[in-house]
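There are 8 protein chains.
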Amino acid sequence: MSKPYSRLDIANAAVLMVDHQAGLLSLVRDFNPDQFKNNVLALADLAAYFKLPTILTTSFEDGPNGPLMPELKEKFPNAPFIPRPGQINAWDNEDFVKAVKATGRKQLIIAGIVTEVCVAFLALSALAEGFEVFVVTDASGTFNEITRDSSWNRMSEAGAQLVTWFAVACELHRDWRRDVEGLGALFAKHIPDYRNLMTSYSAIKAANPLPRSVP
Amino acid sequence: MSKPYSRLDIANAAVLMVDHQAGLLSLVRDFNPDQFKNNVLALADLAAYFKLPTILTTSFEDGPNGPLMPELKEKFPNAPFIPRPGQINAWDNEDFVKAVKATGRKQLIIAGIVTEVCVAFLALSALAEGFEVFVVTDASGTFNEITRDSSWNRMSEAGAQLVTWFAVACELHRDWRRDVEGLGALFAKHIPDYRNLMTSYSAIKAANPLPRSVP
Amino acid sequence: MSKPYSRLDIANAAVLMVDHQAGLLSLVRDFNPDQFKNNVLALADLAAYFKLPTILTTSFEDGPNGPLMPELKEKFPNAPFIPRPGQINAWDNEDFVKAVKATGRKQLIIAGIVTEVCVAFLALSALAEGFEVFVVTDASGTFNEITRDSSWNRMSEAGAQLVTWFAVACELHRDWRRDVEGLGALFAKHIPDYRNLMTSYSAIKAANPLPRSVP
Amino acid sequence: MSKPYSRLDIANAAVLMVDHQAGLLSLVRDFNPDQFKNNVLALADLAAYFKLPTILTTSFEDGPNGPLMPELKEKFPNAPFIPRPGQINAWDNEDFVKAVKATGRKQLIIAGIVTEVCVAFLALSALAEGFEVFVVTDASGTFNEITRDSSWNRMSEAGAQLVTWFAVACELHRDWRRDVEGLGALFAKHIPDYRNLMTSYSAIKAANPLPRSVP
Amino acid sequence: MSKPYSRLDIANAAVLMVDHQAGLLSLVRDFNPDQFKNNVLALADLAAYFKLPTILTTSFEDGPNGPLMPELKEKFPNAPFIPRPGQINAWDNEDFVKAVKATGRKQLIIAGIVTEVCVAFLALSALAEGFEVFVVTDASGTFNEITRDSSWNRMSEAGAQLVTWFAVACELHRDWRRDVEGLGALFAKHIPDYRNLMTSYSAIKAANPLPRSVP
Amino acid sequence: MSKPYSRLDIANAAVLMVDHQAGLLSLVRDFNPDQFKNNVLALADLAAYFKLPTILTTSFEDGPNGPLMPELKEKFPNAPFIPRPGQINAWDNEDFVKAVKATGRKQLIIAGIVTEVCVAFLALSALAEGFEVFVVTDASGTFNEITRDSSWNRMSEAGAQLVTWFAVACELHRDWRRDVEGLGALFAKHIPDYRNLMTSYSAIKAANPLPRSVP
Amino acid sequence: MSKPYSRLDIANAAVLMVDHQAGLLSLVRDFNPDQFKNNVLALADLAAYFKLPTILTTSFEDGPNGPLMPELKEKFPNAPFIPRPGQINAWDNEDFVKAVKATGRKQLIIAGIVTEVCVAFLALSALAEGFEVFVVTDASGTFNEITRDSSWNRMSEAGAQLVTWFAVACELHRDWRRDVEGLGALFAKHIPDYRNLMTSYSAIKAANPLPRSVP
Amino acid sequence: MSKPYSRLDIANAAVLMVDHQAGLLSLVRDFNPDQFKNNVLALADLAAYFKLPTILTTSFEDGPNGPLMPELKEKFPNAPFIPRPGQINAWDNEDFVKAVKATGRKQLIIAGIVTEVCVAFLALSALAEGFEVFVVTDASGTFNEITRDSSWNRMSEAGAQLVTWFAVACELHRDWRRDVEGLGALFAKHIPDYRNLMTSYSAIKAANPLPRSVP
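Protein chains in written order, with the working numbering: chain A, -4 to 210; chain B, -4 to 210; chain C, -4 to 210; chain D, -4 to 210; chain E, -4 to 210; chain F, -4 to 210; chain G, -4 to 210; chain H, -4 to 210.
Hint data in this document are derived by calculation from the structure and do not stem from the laboratory. Wrong hints could be hidden among the right ones.
Listing some non-contacts, in silico: residues in chain D with all C-beta distances to chain E over 12 Å [said to hold, decoys possible]: (1) K70; (2) G99; (3) G125.
Quick list of in silico lysine to any residue cross-link-like pairs, SDA-like style, CA-CA up to 20 Å [unchecked claim]: (4) A:K68 x H:A201; (5) H:K68 x A:M193; (6) D:K200 x B:E56; (7) A:K184 x H:H185; (8) C:K184 x B:R24; (9) D:K68 x B:A201; (10) G:K(-2) x H:D144; (11) A:K184 x F:R24; (12) C:K200 x D:N203.
Virtual Cβ for every residue (Gly too), placed ideally from N, Cα, C.
Extracted from the complex, chain A is given alone in its bound form:
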């Protein structure tokens, strides 16, 4: 009856970043801007860190929607980039679907603007085709909380799993020993509280070095 636990797997996951464009960003009001920008970049950083196949797409870049966030372009210079000529649901764009299928991945990690349209439509379509869908709720933005809550409900009821960038990173990493430095750096960059912990820790440790063994 319940959704089975589909666990994110580095070898089976891909990231789809949808319409994180300069103009559309001004529509996002269910996050404060500092927080939302940080979340989007954190998702990008983790996609790169875990070397997940990543696909970028935009809608009407030349019009008022504006260009893709420059940081994303820089982060993924070689990723498939599909500027859609008009399709609102990226799944209606053949090139996009081809790019997704070309990854060979079955777990799609999706984030975008706005949640109830570009994210939800894609999520619903991908679910309908048998993909596992993980919506990154905190890297997806929209007009207000009412809209967000409606669209979360719709996607969840259709079978999507709601996750955050931090949950994605942790579920992919699984064991800190895989790379303590790398994951720590990712967290320190995007979680100020975590960075504070590390700063204090290092300072106290530096002030209290382990005694050298004494002969």
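Since the structure of chain A is provided, determine the placement of chains B, C, D, E, F, G and H on it from the hints.
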């Protein structure tokens, strides 16, 4: 297990606007009034824009509930208009059900006042008869958030899909190329942030015209 | 897959009011006190208005939990009143279950304090025995929103329908013509905005009497 | 000790609208967009309705700040319009100050974007030169509530009076009998709840016409 | 430098209730309706309890603003009642000012709808004429919190004291021994939490009567 | 279709407390700190009171995550304590799973930091292995409400029941008569409002002792 | 013009705790209960720590208001304790004023329930008699935020300084070197975040001891 | 009566950054962490950009309070850095006061952690010595909103001006023409919405280059 993706289709959808009456509007407190009025009119505008069969109904217009919002009357002069003599659930009104069935549509887009009664009862009854129900959450209002959350839960659990007017418009339109001007005008009218994007875009473009080709 | 629409029926519904006690009321902080008191009394009034079998129960009235709200005692002088000697879940009390079964009703409308315990446990037990359960969310109170949200989720997932006192009244009444005066009075008493509508309506009408027919 | 009551006077007031530009509007997050747009247009409408001298100014219209809201340009085709070439505080712009002084008014009604800069600096400078300053708080927007509260405090402490567009309209009008229709139309256009009251009132009255006198 | 402590005095205070009309009540959105209605009636009850001279006034009762709340009319059948023919600021109405001055009181306790207009204008005018003004913040309502905060600031800066109905009652009463029953009844009627305390207290006491002295 | 009612049973439940570490606590921002600390200690106290098998685990205690809350160490000196060398999901740690299985319990009561990672992963894995999972929502903390809501959705959809520490205590206890003093003490310690009720009750009772029977 | 900086001085300050009674605590709804209880006890602890003269008073302890919080009685067994027989403003009670004057202190640190009555009246009276008044805002509670904001405004305008228990402690202590252990213990007891910092700090330091000097 | 407009002046202002330490940052809960970090770094960047004398100070760096944020150390390698050995109010530290006076500046721009202690005490002391004080409200953090509001009130009443980092930058810069690129870069770095405007602007402009003049 999950709800399948029922995609809104211009050829298969109808809009039911329930009890958006002047008196009842004073009961709506889960939105600020500017926002709610805008959402209701946006839904009306999209119904007209997509030429969806639209049915209006009211409850006790002659009493304290007050008359239908005048804008709706003007917008849909020829739409079936069913003033219910007493039935709270519009589905209990034969004329209303006949009007719905006369559209031949199977996807019902429903909004109204108040969410947990006139919207929810109708949604639940229509679902029970096999219709697909899309509740426009941001064009449906009620007393407070607690009431809203309860009724969303009840409708969602019964199979309704929760959507917003913007999601409805986008899901129906599917491809901007279908009519860029028309959809853009709809959004500019009802989304101030979108209008700002268009204003800036036009201004910059006007100030930087494409170079005429030089012989 | 979805919950079927179980429609409240005057002939098949009973009301269970659980632990609305003077002491426990001080624990309720997910409503403001004026609003919560009004909601509880509105539920009591509608139970009486629709002549629904109503059962009252309390927990440890003689201790710090305090006595039942006096208004409830006065409202239902002849209703079964089950002071539980210790059982937290009213369904663990044989007398209570007997009283419920004695009503012969299958639709249980439940409200109480606190939501995640006295309401939820009873709801879950009654569902497990095949009753239909309608939780009156706005006449059930608890410590804070986090607690409320958790318990709503638990009850909804177990099959309960979340409703409000106003939805209950409307779903039972079905048609205003059944008794316009009575329902109007109920609403005017418990919904200040509705009363305002009626006050204004009456005043304008009084100032503009229908012309007597002129011979 | 207390600020004396300086009452707004049609013959002595002017309106200064500062930097309501398409780009800057995307920075305003202490209002929802529908509400803020409505407030700004309501202030413009009242300025026109009361025929108050009105001055428009912008900052860097040709750059990212974007052009003035088109509605304002249309509303005040003949008003002094001062695009500032660089001064952040409009009072640092000689043309602007000249335009203000040319009105001969001593009561300055100020609104703009963003509150703590373009509004506050102007308000503080005008106060320092002996003008009476009325800040229209709900037609002035900024990044968040913390910023708003800080800047309100700073302006109030410097002697500004905090008002809203509705208070301004009422204080200028003073007596409904001056023009019932005009003021009513202004309110109906910008206050949905007020419009609802008028719609209901007219409907009930129409349905209950005063009896013609019978011979 | 600071405002001196002007203490409310039964012999020197009067209550002015301004425009608590059925239509205007629908504009009040900075309180939930149950809470606001209770606050207004509590103020009325305390005015009657302390036998304070009370003056009622309305604006345009015959139009959309609607009639005075019926409870107020019933509560003060003999109080001066000044329906203003058009003046927005009640102080502009000679009859109203005469009625105020006829009380001989210097401390004016003011509440009304909406806060930034009918309450604030009256408060500012009365202050300008040397009265002491106490604004009952929780029996005065308006469109939203932004408006409320602006108008509180304006009134406070002009010298008004911000109080609540409960503070007014306590400051007038001064000593419980003056009338324990009466004040207790007032509180129990309008403060559910207080009533709960009294209910529990009485119940426990009744269950544990003081031992009769034993010979 | 609905989740069946799995009732918590003292003989079948175990408590898993995951990563309540001094450093990680600084990440928790969906509760105020006083409230969260109280909730965690309440859960610990109830685990001890009901003598439930309790397992503690931490992640990287020697690094910035910091040591386990000292109160937990003191409370459960003999409980299995599994400092995980790197596994983020405690279920990936063999010792932890062994400890869980060694309890022989099938109902796992889980709380921890942060909700969407250490709690959710463990909950999902345990569900996948057929355990019944009860997530203690108010003793589990994370970065913000958006994250919390996402993770609650994910866990609930996978079959977890969302509960609070108070619901857990009441569901386990079932009948006050099992131990009135003990449960009362637990509540008085962790629910200030409840303690107030008890304080008042005792005081009134002490002042009104039952009359000794008189010969 | 501005209030001069009156700095709290251990030799010149006294603490007045007003009506922190078990029954009245149930009226406090502008704090969550865990937070408020902690704040009150923190104030008590700092009063004891700094050996400030402390005066306790209650209103109608034998009635529904209930007894003083037991922790306060235990903390200050020898402090003047003035149960007021009826005066609402403690300054109207001669014994209380005598007790205050007997301390010889001029800086009064005041906290109590409810803010706008028992705290505000006392603060206003003490200011009127020339005392310096410091209202501990976070150890004073009342019905809701509207009430709180009104009463803060009234007290501040009358010359009171608004402080919190933490600010009071720091302003009295002035220099950590006065007693690092004592102040640290006070903070660790009442600020969970601070305790976490100390726990982590100690743990890291313990794990990394300073190297003993090596011969 | 009102505070005169003291305008920030590049030649007369200095920045004091107080106790922005890694440990203390975990106490800040009146901002979300992304937002607060950004505000603090924005203040640092503007101090550097305008070459304002800047003084750093910390409290107990070697203890749980933790080291200064590393970014601040790097930003101001040559700024006076005063680690206070124990004084809570930086003004009690002679070295700090000397460093302030050595700047020769009279306008002190202050930010720090926590607002009601390290910021407020310093602000109050500096005001008492005749400095002009500008508190940067959004780069100063504390436990919660209640604490923030109290301390803002105290500082404002003592004569401090409440500003934000953005207001400070604009008030110092005065005219965009002074350095369009520099100020724009500062804003783009710290205001995501502003950066979006610039990104879109550049993109549109690039796509629509000014026509070269044609011979």
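ask   = Failing hints, ascending?
value = none
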